[in-house]
Amino acid sequence: MRKLSLLITAFCFSMFAVNAQAQEKESVLIKNATVLTITNGDLEKTDILIEDGVIKEIGQNLSARGVKTINAEGKYVMPGIIDAHSHLAITQGVNEWTNPVTAEVTMEDVLDPNDIGMYRALAGGVTSIHVMHGSANVIGGQGETIKLRYGQDQEGLKFNDAPRTIKFALGENPTRVHGQGFDVQPRTRMGVEQIVRQTFDAALDYKRERDAYVSAQSKWEEDKEGKAPWPVAKNLRFEVINDIIEGEVLVHCHSYRADEIHMLMRVFNDYGVKNYTFQHANEAFKIAPELAANGANTSIFSDWWAYKFEVYYSTAFNAAILNKYGVTNSINSDSGELIRHLNHEAAKAVKYGGVSKNDALKMITINPAIQLGVDDRVGSLEVGKQADISIWSGHPLSIYSICETTLVDGVTYFDKDSDPDDMRLRINPEDNYEEVSTSGRHEDACMSDVFHFFGQEGKTAALNQR
Amino acid sequence: MRTVLILLVMLLQVSLLHGQELPARAFTNVTLHHHNGDVTENATIVWRNGTIIETGKKANLPFDAYVIDGGDSLHIYPGFIDGLALWASPDAENNRDDVERPGEPPYDRAGIQPQRLARNFVDGSSDKKMEEGQKHGFTTFVMGLNGQMLPGQLDVMNNQTSVEDKQVFRKTIGLQVAFNAARGVYPSTLMGMMAKLRQLWYDADALQNQQNLHEKNPETYPYPGSDEVLESLYPYLNGEKPLYFAANTPEDIERVIKLKNELGFDLVLVSAEMGYLSADLLKKENISVLASVDLPEKPDWLKDEKKDEDEEDKKEEKKEEVVSDEVQEHRDKQLESYKEQLANIKKLNKAGVLTGIATNGQSLKDWKKAISTLNENDYTDKELLRLMTVETAKVLEMDHIIGKLKNNYMANFTVFDKPFLEEKAKAVYSISAGIVTEIEE
Chain A
1 MRKLSLLITA
11 FCFSMFAVNA
21 QAQEKESVLI
31 KNATVLTITN
41 GDLEKTDILI
51 EDGVIKEIGQ
61 NLSARGVKTI
71 NAEGKYVMPG
81 IIDAHSHLAI
91 TQGVNEWTNP
101 VTAEVTMEDV
111 LDPNDIGMYR
121 ALAGGVTSIH
131 VMHGSANVIG
141 GQGETIKLRY
151 GQDQEGLKFN
161 DAPRTIKFAL
171 GENPTRVHGQ
181 GFDVQPRTRM
191 GVEQIVRQTF
201 DAALDYKRER
211 DAYVSAQSKW
221 EEDKEGKAPW
231 PVAKNLRFEV
241 INDIIEGEVL
251 VHCHSYRADE
261 IHMLMRVFND
271 YGVKNYTFQH
281 ANEAFKIAPE
291 LAANGANTSI
301 FSDWWAYKFE
311 VYYSTAFNAA
321 ILNKYGVTNS
331 INSDSGELIR
341 HLNHEAAKAV
351 KYGGVSKNDA
361 LKMITINPAI
371 QLGVDDRVGS
381 LEVGKQADIS
391 IWSGHPLSIY
401 SICETTLVDG
411 VTYFDKDSDP
421 DDMRLRINPE
431 DNYEEVSTSG
441 RHEDACMSDV
451 FHFFGQEGKT
461 AALNQR
Chain B
1 MRTVLILLVM
11 LLQVSLLHGQ
21 ELPARAFTNV
31 TLHHHNGDVT
41 ENATIVWRNG
51 TIIETGKKAN
61 LPFDAYVIDG
71 GDSLHIYPGF
81 IDGLALWASP
91 DAENNRDDVE
101 RPGEPPYDRA
111 GIQPQRLARN
121 FVDGSSDKKM
131 EEGQKHGFTT
141 FVMGLNGQML
151 PGQLDVMNNQ
161 TSVEDKQVFR
171 KTIGLQVAFN
181 AARGVYPSTL
191 MGMMAKLRQL
201 WYDADALQNQ
211 QNLHEKNPET
221 YPYPGSDEVL
231 ESLYPYLNGE
241 KPLYFAANTP
251 EDIERVIKLK
261 NELGFDLVLV
271 SAEMGYLSAD
281 LLKKENISVL
291 ASVDLPEKPD
301 WLKDEKKDED
311 EEDKKEEKKE
321 EVVSDEVQEH
331 RDKQLESYKE
341 QLANIKKLNK
351 AGVLTGIATN
361 GQSLKDWKKA
371 ISTLNENDYT
381 DKELLRLMTV
391 ETAKVLEMDH
401 IIGKLKNNYM
411 ANFTVFDKPF
421 LEEKAKAVYS
431 ISAGIVTEIE
441 E
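Just so you know, the sequences run in chain order A and B. With the first letter of the first sequence counted as 1, position 58 gets the number 58 in the working numbering; the numbers rise by one all the way through. With the first letter of the second sequence counted as 1, position 30 gets the number 30 in the working numbering; the numbers rise by one all the way through.
Simulated from the structure, these hints should not be mistaken for lab results. The structure presented is a predicted model; accordingly, all values stated were derived computationally and were not measured. The beta-carbon is built from N, C-alpha and C at its ideal position, and this holds for glycine as well. Please note: incorrect hints may appear among the correct ones.
Said to hold, decoys possible - Anything over 10 Å on all C-beta distances counts as not near chain A; from chain B, calculated:
| hint | residue |
| --- | --- |
| 1 | Ser89 |
| 2 | Glu93 |
| 3 | Ser126 |
| 4 | Gly184 |
| 5 | Pro187 |
| 6 | Asp203 |
| 7 | Glu329 |
| 8 | Lys333 |
| 9 | Leu335 |
To be verified - Among the chain B residues that face chain A by a calculated CB cut under 10 Å, a handful are:
| hint | residue |
| --- | --- |
| 10 | Val67 |
| 11 | Ile68 |
| 12 | Lys129 |
| 13 | Met194 |
| 14 | Leu207 |
| 15 | Met274 |
| 16 | Tyr429 |
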């Protein structure tokens, strides 16, 4: 029995490893499904042909030779779910909380390909996530959009050519950590605004000096005439800030209150920053028309609030109101547990706010894709898009439906029929069976690493803030 | 005996100071264990002025040689080399003071101290620590410092306890780096350290360029000032010396290599406990490794199984532990992972990665235990001896002068009362750069 068990395990692992590592893209034919395209209606008894990880054809009676076929009769097929706010797959620190501005740090440097949370998310139909810095700083670190190619290394996880992103944070978190914690700016919401403005101004000054030096140096190296320019050191922090101003880095801002959301839109208008997303945004419903007018996006919880003072004024109708006013809104998890059933979170928008099923599904597919700048490649089932797909036993918004198969680039990364008990990628030889446990909801993910420094008193206070 | 040795040491120091030739020294009737596994019994080893001049059965004894007769019971090994040792370093400072702005701490509070030179931290308390190194066969060690991200620069030390001025064999061979963040100040995380290293490089580059401009044309360019931290990075920025960067997991190793390729520094990888998972990449990038032998603890249930086997003779009927399939599956993976980590160095060698060893914070007692564990797990005496001597010397690019019992090599060796890998073997004499230390119980 022991040998048999070992053999089965070895087989599962080797199959998984081969799929994940060697075959980055696959060709697959999905047959006879109800296809929820998101952008082109729901199609009955429809096939999807995937060629080398890309959707080649959507229609009826499709055939292809030598291609793996999935019989999806009676099943629902939808685009892979995209979570615009996650702290999965990060190693050794979510928050570089020590300075109000740390734009130079990046999640790209600290991806953890061994996080089993990714496999759990795959089991909930999720195919891409936005890995984010925490919310301790006004301008935190850069994010990284990844595909859940569980089993691949850091490079293998990256969503190729996804736009760069960065985390901002307003309100209680940065004021508590920096103002109350260390008596440095910002102590108030006013201070938060000024941190952003001062940083942008300093970055623009830097850019003028640095550009002048780089240009003069280049000219001097060419002709060696006159005086060599005085070197100006490259400043990583200000380089990133300038990239934000120039639209190369998309801002995702942790925020709750309407007044502070309004404030940041004013600041961004002053500096010409466009295409940004307010994360959490519990009071966004109060200023939905203003958000729409500014082209601002929101990414919210379906019905999670009252975990600290600034999050008391909230409503489960937030998603519906934002949707009605034409704000591109997504529903996110910010949690290793919620991410496993984002379909339920989207369904709440239908239940509470009467949002259409398709619009609710948009909030976990194409809308987060828009917010991450990858909607030309994922987020809907269209010919030419990448084959990130989840297959469900019933309609994904039904509480009774479960995800059965999840594909990324056509490669199966989750299959309920081939789902070994232990999917850890790396085993620590010092961890005995009794010591290996599963982790539950990441109740304080956004403020990770901050608590331990402030001690228990700080932790109690900080637990009240997300 | 001790007094005689001290007198001889004093004589050596005075003579070397005046450039005079010293009397030769020799051990006769000893067993020589060479780096390549060859063993010569009833042999003699002779050295003068810190250099080996004769070895073998038929070695000539110079007329002036001071001879110690091994009486056929002593075993001589080439001096072991610790590729990066912290055991001679003072403890890390308690670096937790509050600072006004945690985002802008002073360099030292952030654990950024590349200006520190390890050799300057050998003090009155060092003899005892170095004696412990001698007992474990180390005659040469690369001295690193306890600290955080950038603890200091490394020196190769002769492990001598009986001389007043410790001999530095090679000064400032590299920069010690680790992903070890200071607590409570910037950079406090891995991502912060990655960014900070890049920024230090950019700042040092600009300062160096500014200083060069001023130096050549002081009337045109202002004096840019000095910064001992940034200035100490210049040799590494300019590719003159390598960074000795500690990393263990394949992900951290990838991060180090990413920084190397971005910033263009030379690299020796230190520790690399899971280096085998990155062996092909290390080979491709032509990176040498000073591997840790800080092995994982054997799983508890495996220890119990071994204990049961030992006690089997005593008990006729033994109750077999019943475990579920799930537990068994976990144990099988655990055992596989344990064995893989034990085979780390073998796999690095197999992939063609030049690999030596470094204790890098491991206690010497644990190091000896780990060497025995490796010996019990497919590592031959020869493999281990090569690793601790000539292979480590190769990584340090000093294999032409240390690591062998051979003419014209440094007289670095240890005399044990039994073969080193025997459990009760004890070092009797330690010879480093020709200086003899008698090791007391």
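Here is how each hint holds up against the structure:
1. Ser89: Per Cβ check, Ser89/B is outside 10 Å of chain A; nearest 24 Å; holds.
2. Glu93: Non-interface label on Glu93/B holds, nearest chain A Cβ at 19 Å vs cutoff 10 Å.
3. Ser126: For Ser126/B, whose nearest Cβ neighbour in chain A is about 33 Å away, the distance exceeds 10 Å, so it holds.
4. Gly184: violated (5 Å)
5. Pro187: At roughly 7 Å from the nearest Cβ of chain A, Pro187/B sits no farther out than 10 Å, so the non-interface label is violated.
6. Asp203: violated (5 Å)
7. Glu329: About 5 Å separates Glu329/B from the closest Cβ of chain A, which leaves it inside 10 Å; violated.
8. Lys333: The claim is violated: Lys333/B sits with its nearest Cβ about 5 Å from chain A, within 10 Å.
9. Leu335: The claim is violated: Leu335/B sits with its nearest Cβ about 8 Å from chain A, within 10 Å.
10. Val67: With a closest approach of 50 Å, the Val67/B hint is violated.
11. Ile68: Cβ of Ile68/B sits 45 Å from chain A, so the hint is violated.
12. Lys129: Violated: closest Cβ of chain A sits about 28 Å from Lys129/B, beyond 10 Å.
13. Met194: Cβ of Met194/B sits 4 Å from chain A, so the hint holds.
14. Leu207: Because about 8 Å separates Leu207/B from the closest Cβ in chain A, which is inside the 10 Å limit, the hint holds.
15. Met274: holds (8 Å)
16. Tyr429: violated (38 Å)
Hint check: violations occur at hints 4, 5, 6, 7, 8, 9, 10, 11, 12, 16; the rest are consistent with the structure.
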